[in-house]
Each structure stands twice: as C-alpha cells, then as structure tokens.
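Trainee: Sequence:
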Amino acid sequence: FRGIPSPFTATRYHSLIVDKETLPSCFEISAETKDGLIMAIRHREYPIEGVQFHPESILTSEGKAILKNFLSIGQSREVAVS
Numbered sequence: 002f003r004g005i006p007s008p009f010t011a012t013r014y015h016s017l018i019v020d021k022e023t024l025p026s027c028f029e030i031s032a033e034t035k036d037g038l039i040m041a042i043r044h045r046e047y048p049i050e051g052v053q054f055h056p057e058s059i060l061t062s063e064g065k066a067i068l069k070n071f072l073s074i075g076q077s078r079e080v081a082v083s
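With positions in the sequence shown counted from 1, the corresponding number in the numbering used here is that position plus 1.
Hints are not guaranteed to be accurate.
[Stated by the list, open to error] So the derived label-pair ranges between C-beta atoms look like this: (1) 59 x 25: 17 to 23 angstroms; (2) 8 x 74: 18 to 24 angstroms; (3) 26 x 57: 26 to 32 angstroms.
Honestly, the hints are just simulated from the structure, not real lab data.
We put the CB at the ideal spot given by N, CA and C, even for glycine.
With these hints in hand, go ahead and build the complete structure from the sequences.
Mentor: Shown next as structure tokens:
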C-alpha cells in the first residue's frame with residue numbers, strides 16, 4: 002500500500018472475511034476496515050500478499066495505484082518457475 006492514502010474506499014462483493022483468531026502467525030494484517038475486518042494480509046517471510054476486496058473495481062478509489070504497486074513488485078522480483 003505504498004503511496005496509498007489511508008483510509009481509502011474499497012469495493013467488495015461478498016461477505017467473506019478472514020478470521021483474526023484463525024489467521025496463522027506467518028501472516029500479518031496489512032489493511033483493515035474501520036470495523037476491524039481484515040481486507041489484506043501478507044506473509045512475513047515469502048512474497049505472498051492477498052486482498053479481500055476488488056482493486057480492479059471502478060468503485061475502489063485507489064484501485065489503479067494498488068494494481069500499479071502490485072505489478073511493480075512483481076517486476077522487481079525474480080520469479081522461479083519449475
């Protein structure tokens with residue numbers, strides 16, 4: 002979420018959430034709603050990140066910037082393919 006204002010409006014089309022009580026300790030929360038619902042997590046060791054909203058939606062105010070950040074991270078990392 003580098004360079005992204007906090008808070009920002011994000012769109013989700015479902016009621017599924019990650020439960021803080023069952024989130025493995027290898028993950029850290031990187032974004033939450035005002036109500037404390039997890040909206041993004043990242044692995045503490047590996048380059049794994051996930052969001053629980055739709056950055057591609059026109060209703061997500063910072064969606065383009067989030068996707069641009071994601072693509073720049075992917076371009077800067079060497080990807081191993083087996």
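Trainee: Does each hint fit the structure? Answer for all of them.
Mentor: Evaluation of the provided hints:
no.: 1; hint: 59 x 25: 17 to 23 angstroms; in the structure: violated (33 angstroms)
no.: 2; hint: 8 x 74: 18 to 24 angstroms; in the structure: holds (22 angstroms)
no.: 3; hint: 26 x 57: 26 to 32 angstroms; in the structure: holds (30 angstroms)
In this structure, only the earlier hint numbered 1 is contradicted, and the remaining ones agree with it.
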